[in-house]
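Please put together the full structure from these sequences, using the hints given.
Counting with the numbering used here, you get residues 43 to 264 for the letters of the sequence shown.
With a cut-off of at most 20 Å between alpha-carbon atoms, the simulated SDA-like pairs for lysine to any residue come out as follows:
| hint | residue 1 | residue 2 |
| --- | --- | --- |
| 1 | Lys186 | Pro217 |
| 2 | Lys188 | Asn219 |
| 3 | Lys129 | Gly97 |
| 4 | Lys87 | Gly111 |
| 5 | Lys130 | Gln101 |
| 6 | Lys186 | Phe149 |
| 7 | Lys207 | Ser141 |
| 8 | Lys186 | Glu145 |
| 9 | Lys182 | Phe158 |
| 10 | Lys179 | Ala154 |
| 11 | Lys87 | Lys130 |
| 12 | Lys181 | Pro217 |
| 13 | Lys129 | Ala154 |
| 14 | Lys129 | Asn219 |
| 15 | Lys207 | Glu145 |
| 16 | Lys186 | Arg175 |
| 17 | Lys129 | Thr116 |
| 18 | Lys87 | Leu126 |
| 19 | Lys87 | Gly97 |
| 20 | Lys87 | His240 |
| 21 | Lys232 | Ala209 |
| 22 | Lys188 | Ala209 |
| 23 | Lys232 | Thr103 |
| 24 | Lys188 | Ala155 |
| 25 | Lys179 | Glu145 |
| 26 | Lys186 | Gln146 |
| 27 | Lys210 | Arg185 |
| 28 | Lys186 | Ile211 |
| 29 | Lys188 | Arg221 |
| 30 | Lys207 | Asp218 |
| 31 | Lys179 | Asn189 |
| 32 | Lys87 | His241 |
Note that these hints are calculated values from the structure, not bench results.
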Amino acid sequence: MWRQLHFDEGEVRCLADEQARSRRQSELSSLVEHEHDVVGLEDSKLSLVEQLTGGNNDQRTVIAVLGMGGLGKTTLVGCVYNSLQVKKRFECAAWISVSRDTEQIDFLRSAAAQFFKEDESDTDEDRAMDLSRLARKIKKLERKIKNYLQQRRYVLVLDNVGDTKYAKIIGAAFPDNDRGSCIVITMRLKSVASALAHHTHNLECLKPRDALTLLCKKAFLK
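This is the structure we're talking about:
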């Protein structure tokens, strides 16, 4: 149940406001279509693919891709996510872009929609739920996702994480099922990486030659 990262409307819900959703979908569509134009990230891509697919470690691994804004974290992880090696390795996958405004219920709905194509879109009744009903709904979704993934090797990407609250969400819904599953998280803050990840992949600024190559490709892009 693998979904290619084309991010057209209705395929994957970005969990921010409408403007952020459209912007993120456009960025992700672009990085997939122009993967051959990636500059200065080739070694990082190979390293990250190897981390996801190499070795015989059956434990679930959480990898942080850490770096300041604009370094290409989303581009890098998007290319890795769509690589043939990763698609062959994992049975199912989900990509969730988050923001400071992302609600836990929305996060889980997006995961359910991608992992097992369940329509968990909200309704007027859902929006009117009191806190106790909302908590029950969240627990139900956590159980469904966890039960579904328990016997599957999965990969989950969380893009643009800026809060350690996701440690609890990951623990509740995404099992360490001894099948070699992997969670990849892009972020800017080292403190968040330390709290969430087993391994950290640091992105550095482009070398001058690579920066010039990228500038030329962008400037003369047809």
